[in-house]
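Chemist: Take a look at the letters that make up each chain.
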Amino acid sequence: MSEWATLATFEDWANKLDELLEAAREKLAQSEPATDVQRRLRQFRLNSPFGPRFDKLNDIAFAAVTDIAAQTTAQAIERIALRSNELDDAVLQLRTTTSTAQRDAAIINLRTPTTIVTSLTETVGALKDLRDGFTPDTNQEQVNKRIATAITAITKLRDTIESVT
Amino acid sequence: MRLKTPRHAITTTSILTLLTLLATLTGCQLPNVQPFAQGVAAIHAGVDQSGAIFQEAAASTLPPDSIHLKTLDQHWASRRAATAALADYADTLASIVDAGNSGASNANRLSNAVENLMSKVGAAGLVGSAAFQIGGEIYETVAQGLATNSLDKAVRNAGPAVAKTCDILIADLQDMLEPIDAVEQATLADIETKDYINEVKRLQAILARRNTLLDNLIQTDESWAADHDAVLPQIEALEKLIAASTTRITAVVEQNAAIAHAFQAKRTLIAQTIAALQDLKTSHTDLAQAIKANRTVSARTLLHSANQITKTITRIEQIRETTDE
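Chains as they are written, first to last, in this note's numbering: chain Y, 5 to 169; chain E, 3 to 327.
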């Protein structure tokens, strides 16, 4: 027999609603799932008799279903928030390991010496161009251009060395 | 007074050291960590989607100015950072393995760069390409050894952090399941409007009336013909009302079923992501042992979980598109 079949009077239905609300309060107080109470509250609305007085009970039942959802969600958010510090610590540890491992990968890749040698080669080339460029017929504009290229190459070399050390 | 070490002693010591090193490195087999990286990428997507689902659910049930919504936004950012860190870590492991497996080509790249430099300073041929070639071959073995050591160190150091991150994410996702259920109930209750509830009750009353008429008809079989003429039109009228009411109710029932289906897919994704995080923990421990034992590593379970996540995300997107239409 369904739990609604024995309910006859308005008082019976009002008492049943009280019982459901109390069950919801207990579950929420203990942070237990209250979905079964929500289902029963929905069934309450579908099974209660016609009439304005019963409509009011139904409105209360509907509000309770919504409140349970809101409170359950809020409680879960609070529990999630409590774990954040611990998670941040673990992530920091992981990032440190990753960063060391990335440096290791770069060393095994020989990327660091290759990058420095490539940059050094560009610098040497630019400085040689600068040295060879000073002839009696070189105009000021050409000299400036070669100096600028040499400065760029030296800056790049410095940046490369800084980035790998 | 500082003693000078004889030149030949250094050379002998260096060669012996090199030979010993090479001997210990020979036979090192780098595990394939690519499936591990793929699994982590899927977990990253699964956690991200699960978070979005929970944020959507929270926004539908909490007031817009709720402090809890702001708290969730703030703290969920940490979860995104955590899965991004896991993904970076897994990619780095893959890049160590890559570096270890491409020692010869990396050594060649360096030798080309040095030769290029030598030619610029007018010293081409000083080092000699034969020397570089031998160096490249030796470095192939050395790189594998270095990568194995680096991988071992990284996996051992990251072990506790990976386990802790997985445990916290699993607890977070488990905490989401209950509110998702509760929000589903609230969403269903919202669709069951007063009109719908009255329609259900009206239908129940009409069905009861029709059944009574049918019962009466069967019980009064002696005067069947007379009753038949009087009652049958009433039953027919009630049947029409039942059909009309059923159509209206069915529309809401179908809507309810679609909502329940969508929520089920969301729950499935969260459950699959939890399972994948558990697999990740196991796979990571297995990876550490595999490196130590110089054996291959199987990430089949993790990859299976990752595929499931990818499929469910696609299903949720399809459901979303259908709902938007």
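It is possible that some hints are incorrect.
Claimed, not checked - Once the Cα atoms are required to be at most 30 Å apart in a straight line, the calculated DSS-like pairs of lysine-lysine come out as:
1. Y:60 x E:203
2. Y:31 x E:196
3. Y:60 x E:72
4. Y:20 x E:155
5. E:155 x E:166
6. Y:20 x E:203
7. Y:20 x Y:31
8. E:155 x Y:31
The set of hints was computed from the structure by calculation and includes no laboratory data. In this text the structure is predicted, and so the values were computed from the model without any measurement.
Chemist: I'd like to know which numbered hints this structure contradicts. Please list them from smallest to largest.
Modeler: Checked against the structure, the hints that fail are numbers 3, 4, 8, while the rest are satisfied.
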